[in-house]
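Undergrad: As a plain string of letters, each chain reads:
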Amino acid sequence: SQKIEQNSEALNIQEGKTATLTCNYTNYSPAYLQWYRQDPGRGPVFLLLIRENEKEKRKERLKVTFDTTLKQSLFHITASQPADSATYLCALDRKAAGNKLTFGGGTRVLVKP
Amino acid sequence: DTAVSQTPKYLVTQMGNDKSIKCEQNLGHDTMYWYKQDSKKFLKIMFSYNNKELIINETVPNRFSPKSPDKAHLNLHINSLELGDSAVYFCASSLDRGSVSPGELFFGEGSRLTVL
Numbered sequence: 679s680q681k682i683e684q685n686s687e688a689l690n691i692q693e694g695k696t697a698t699l700t701c702n703y704t705n706y707s708p709a710y711l712q713w714y715r716q717d718p719g720r721g722p723v724f725l726l727l728i729r730e731n732e733k734e735k736r737k738e739r740l741k742v743t744f745d746t747t748l749k750q751s752l753f754h755i756t757a758s759q760p761a762d763s764a765t766y767l768c769a770l771d772r773k774a775a776g777n778k779l780t781f782g783g784g785t786r787v788l789v790k791p
Numbered sequence: 011d012t013a014v015s016q017t018p019k020y021l022v023t024q025m026g027n028d029k030s031i032k033c034e035q036n037l038g039h040d041t042m043y044w045y046k047q048d049s050k051k052f053l054k055i056m057f058s059y060n061n062k063e064l065i066i067n068e069t070v071p072n073r074f075s076p077k078s079p080d081k082a083h084l085n086l087h088i089n090s091l092e093l094g095d096s097a098v099y100f101c102a103s104s105l106d107r108g109s110v111s112p113g114e115l116f117f118g119e120g121s122r123l124t125v126l
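Each protein sequence line maps, in turn, to chains A and B.
Counting the first sequence from 1 gives a position; the numbering used here is that position plus 678.
Counting the second sequence from 1 gives a position; the numbering used here is that position plus 10.
None of these hints come from the bench; they were simulated from the model.
Treat each hint with caution, since some may be false.
Quick list of in silico lysine-lysine cross-link-like pairs, BS3-like style, CA-CA up to 25 Å [what the hints assert, rightly or not]:
#1 B:K62 to B:K32
#2 B:K81 to B:K50
#3 A:K749 to B:K51
#4 A:K778 to B:K32
#5 B:K54 to A:K749
#6 B:K77 to A:K741
#7 A:K733 to B:K51
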């Protein structure tokens with residue numbers, strides 16, 4: 679069966695350090711992968727998109743990698759700040775299923791000052 | 011100006027009742043969605059409309075009926091509410107420009123439904 683797995687345990691990290699989150703998937707052939715941020719009581723907000731033929735994407739302090747061989751994406755927050763505390767969701771398209779995004783369960787990040 | 015707005019934000023109701031959630035987007039997007047987020051925070055797609063046409067209909071009970079009067083609006087009506095329907099329902103939209111893959115999703119703030 680198709681699965682998208684993110685670490686369900688919260689990631690506690692000290693301010694200034696790099697937070698690294700993983701998104702693993704099985705039985706998918708995604709054309710691209712997206713990362714979203716969700717704050718409590720709010721809707722998800724788009725952060726980054728990376729295509730299957732791209733290895734890495736950066737946006738300010740964020741970096742995403744995409745390894746279609748390992749079926750994994752890594753999401754890095756460098757020089758983390760308390761304001762980065764949130765839940766981060768990865769999402770993949772399903773080319774064979776009408777082009778719709780399917781989300782992982784998210785990983786909560788808590789940056790301590 | 012709110013890009014994707016949905017109402018109501020909170021909805022508490024009894025089992026067996028019928029309720030509706032409304033969604034509007036002012037982004038000029040072609041596609042709108044309904045997602046359900048359960049207590050474990052998994053976001054699952056329910057429906058998708060492109061220019062008022064239903065294009066995605068996941069395995070959702072018939073009690074859930076979406077309606078899109080125009081491409082800026084997508085409403086969700088739920089009949090005979092059950093306890094298991096309690097969740098946060100998110101509306102979203104995307105600008106597809108006729109491409110084979112959807113772009114980024116813009117989400118509303120969610121409507122928290124509690125069925126007692």
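Undergrad: Need the list of violated hint numbers for this structure, in ascending order.
TA: 2, 6, 7
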